[in-house]
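Asks: Residues per chain are reported as follows:
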Amino acid sequence: MVETDRNQIEKLIDGDLQWEELRNDVLPDPKDGQRFEVTREILLDRVDWDDPILVPLNDHLFAVGTDDGRIVKAECGHEFGPLEDNWKTECQVRVRESEDEMRDLYPEWMTPDPDWTFQLREFFCPECYTLLDVDAVPAGYPVLKPFDPDVDAFYEEWLGEPAPDATEVNQ
Amino acid sequence: MSKPDQQPDFEETQYERVDPPIGWDGQTLHEMLAESERLREETERYYGIEDLELKEEQPFEYEQMYSQLRGALVSARETALHVSASPIVREIGELCFQVYTPEGDCIALSTGIIVHVHTGSLAIKYMIEQDYEHDRSIQPGDIFCNNDNDLGNVHTTDVHTIVPIFHEGELVAWVDGVTHQVDIGGMTRGHDQLASTTRYEDGLYATCEKIGENDKIYQDWRDRAQRAVRTPMYWDLDEKCRLAGCHMVRDAVESMINDVGVDTFKQFSREAVEEGRQTLHSRVKERFFPGTYRDASFMPVPFEDEAWKPSAKQDMMNHLPVEVTVDEEGGLELDMEGASPPGPHPYNCAEGAMEGGLWVSLTQSILHDGKVNDGSYFAVDTNYPDGSIVNPDDPSLSYHTSWGSLMPAYNAFWKNVSRAFFARGFREEVVSGYSETGDPVQGGGRYEPMDDYFPVAPFEHSCQGLGASAVRDGLDYGYAMWNPESDMGDVEEWELIEWGLPYLSRQVKPNTAGHGKYRGGTGWEGIRTVSDSEDVSLYKHVVPGVGFTTSGMAGGYPNSLNYSLRAHDTDLDERLENEDPYPIGDSPTGSFEEQIEGDVKRSQKGMFFPEEFENGDLLHYQMGGGTGYGDPLERPIDLVVEDVEEGIYTTDIVEQVYGVVGEFDEDNREFTLDEEATDRRREELRTERREETRSYDEFHEEERERLEDGDISDPSKWMYEGVFDQSDDWAAFFREFWDLDETFEFDAELMEA
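Heads up: the protein sequence lines correspond to chains A and B, in order.
1 is the number of the first residue of the first sequence in the numbering used here; add one for each residue after it.
1 is the number of the first residue of the second sequence in the numbering used here; add one for each residue after it.
Keep in mind the hints are simulated off the structure, nothing from the lab.
Keep in mind that this is a model prediction, so the values were computed, not measured.
All residues carry an ideal CB built from backbone N, CA and C; glycine is no exception.
Please note that a few of the clues may not be correct.
Unchecked claim - What follows is a set of in silico ranges between Cβ atoms, one per label pair, in the way DEER data are often shown:
1. D68/A - L39/B: 45 to 53 Å
2. L43/A - E593/B: 51 to 59 Å
3. E333/B - V2/A: 26 to 34 Å
4. L43/A - S282/B: 21 to 29 Å
5. D487/B - E108/A: 26 to 34 Å
6. G33/A - E594/B: 54 to 62 Å
7. E101/A - E574/B: 37 to 45 Å
What the hints assert, rightly or not - Below 30 Å or equal to it, Euclidean Cα-Cα: the simulated BS3-like pairs (lysine-lysine) are:
8. K31/A - K55/B
9. K601/B - K309/B
10. K216/B - K240/B
11. K240/B - K266/B
12. K285/B - K11/A
13. K285/B - K31/A
14. K11/A - K31/A
15. K88/A - K145/A
16. K210/B - K240/B
17. K145/A - K285/B
18. K285/B - K88/A
19. K285/B - K55/B
Using the sequences plus the hints, can you model the full thing?
Replies: The structure is reproduced here in structure tokens:
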């Protein structure tokens, strides 16, 4: 294990790491040992709210601990409900299905055949309208929950410490 | 037919015959396999090994042995490929070699098409379980061959040559060499057939067959195989290539045993597998976040108007769900409950092929180094449901193009493990997917100047767009999931064997890359024409065509879809004579026709079945882009400007998707940004998001009503009904999700069809 360079991880999160640094320092094995902890610290510093981040779910969504239990929360502060539920059910949704709707994104001949009723389901944050996910599925397909994190197993079993919300919620 | 000058004299053998048992310490191979499985079941460790004693006590010797073995395998691959004449093998390196324990567990492997590491394992285990040791006999100098997908192979045109390695009457290891054939016979030309719907149309099969002894291939096998394929010369040299490589590896193993002693080699081989297993577990705990990850891929099969056989003339869609669980012990589980049933198409995929796909995915995601072998396979619990398209357990089906199911499925797997990487902070390891390779050009013809058959099977499709990661754009035109050493091959090399199909162009295909904060890698397109040939038939098979197979990640979009385009009875000869322009692409789409007169056929399907082509006809083909990652409005504007200047996207698309507006000087490839218009356009896009969206509950209600009304496509209904039949659990999940009656089903007429 090598030491985690906070500055480098900040650049990694921002997409500012140049290929040479990425290739030579970040991609190869062995990986740095404190990546999760350092990433979490950086993300905590960047949000305007105080709930402890338990695990990042994507660029703008986090599992966080609150007095009312674990929830999914967006960078902008919008709360998406309990962590055990699918956060997509709290989103604003736009569905593209017709050829016209697809043609905003792809040229003629490079869109789905409308007879096959494929959809792009765009899931937006109801507060800041950041695009959080896009599902490309046939019509009628259920909305899958992408990730159910096992927060306690991670902190207690893997890191050997209580989860950051343990003192506030579980104790 | 290729025949040696002199027939081998089988009376003069260089090997002494061995009598069973041929396993270690007086055991049969069957007993060794049973013991291995029992110990693994009881201890969850390979052969119950608690400590890697050799590695701990003699670390230098242990690592040296591994390096020697790996070096021998790589050296065999790099040397043997020159025996082959097929550019698929010579130029693209579609071969690999691997060494197995007597029980058929991979110890080490070469570079190349490493998807086959576990398929070879299954073939060896089949021979052990069928007691070849006593019945067929396994002797020093024997040569076995397998390409039976049901027993251990990815698809029919991959062919394994398997050689046992003996030491003083004991079988100490096996070596397996695999090459991808240009042609394997079957109902049409090509190496990934479209038209085949059952085994009986797939072509030549060897079912763990003994094809030689005393290091020589039987004459009857050689004749049978060469008469069964359309390209006997390539077959012959590929087989010699595999055999030569296997013998090189056998020599290297014998040399190692002479150096270190057989007992040390035996201990090493088992510890290496266990180390591989331990490595995967430790990596999972080091780089993933525990929990459950879900995704799904789809494989649309638009055969209603295309297929030849009546049973296949229907539009079908296959469901390929992937759930990955990382448990608190660091175990990894892959579950495909809800996968579609198999069907009358060539996309059926045997369990062994799916395991190969898992293996090649793991080696590229979490196992970049270390002891990469079957240990990593043992570390993952898998459920490829019995009787589904990913584990049909039915040798009568066609498995010719199993990649059609395998590749979309692993897109879902990759997204799941990418979420696990992201959660743990390893954003650089995220890969949002890849363009599935398909086969944009296949077929063959007779070249008049040489009066000889030429196959058409270029492996340019090993250069697709890779999906974006969470820190950078996807790799442009340089990736194939099944062979991490991508190479599209030189045009001149392909023209050397595909005599009658010269190239008119290769170029970047704009607007193929999936949109996102980080865009997918771009795809590309090419055009070929037919020249000086007769009896030419060509076909195309590229996915996705009529619908998406996968999504992007975190707000990124999937890559654009492919289509098919060709022109018959053209005026190409006149254009060449007059030095008039001819098509070098179809970008913008529709421009192809502006530079050629003829019978132009376009289809939104990325495929057409074999069609006759005449001299001067044109075939357009394309390779897809990768999926995108993140909200496109977060993509830095200067990168969008670069995208336009480099031909990745066109101005109309970047205005629609990224809100970037400006003037593009195409001649000088300079895009001048209009900052005010860009600000306005981006604000408009944000406003549209607020105005054009609705609540999830409204969305759910409308979709539910559509389902009740049956207002979705027939292939979608076909998919759901097939899955309902296949999996009660998934059917219950579907009905509960949409709040439908417990007995809900689509119309009975469709079900009967």
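Asks: Indicate whether the distance between the beta carbons of L43/A and E593/B respects the range 51 to 59 Å.
Replies: Given a distance of about 52 Å, which is inside 51 to 59 Å, the answer is holds.
Asks: Going straight from one Cα to the other, do K145/A and K285/B come out at no more than 30 Å?
Replies: With a Cα-Cα distance of about 23 Å, the restraint between K145/A and K285/B holds, given a limit of 30 Å.
Asks: Between K31/A and K55/B, is the straight-line Cα distance small enough, at 30 Å or below?
Replies: 23 Å, holds
Asks: Does the structure keep K216/B and K240/B at a Cα separation of 30 Å or less?
Replies: 10 Å, holds
Asks: Keeping to a limit of 30 Å between CA atoms, is the pair of K285/B and K11/A held or broken?
Replies: At roughly 25 Å apart (the allowed maximum being 30 Å), K11/A and K285/B satisfy the hint.
Asks: Taking the Cβ atom of E101/A and the Cβ atom of E574/B, is their distance within the range 37 to 45 Å?
Replies: Since E101/A and E574/B have Cβ atoms about 42 Å apart, the given range 37 to 45 Å holds.
Asks: Check the hint pairing K285/B with K31/A against an upper bound of 30 Å on the C-alpha distance.
Replies: Within the cut-off at roughly 12 Å; holds.
Asks: Holds or violated: K285/B with K55/B, Cα cutoff 30 Å?
Replies: 22 Å, holds
Asks: Holds or violated: are the alpha carbons of K11/A and K31/A at most 30 Å from each other?
Replies: 16 Å, holds
Asks: Keeping to a limit of 30 Å between CA atoms, is the pair of K601/B and K309/B held or broken?
Replies: 22 Å, holds
Asks: With the threshold set at 30 Å, check whether the alpha-carbon distance from K285/B to K88/A stays at or below it.
Replies: 28 Å, holds
Asks: Verify the CB-CB distance for D68/A and L39/B against the hinted window 45 to 53 Å.
Replies: 49 Å, holds
In the structure shown, no violation is registered for any of the earlier numbered hints.
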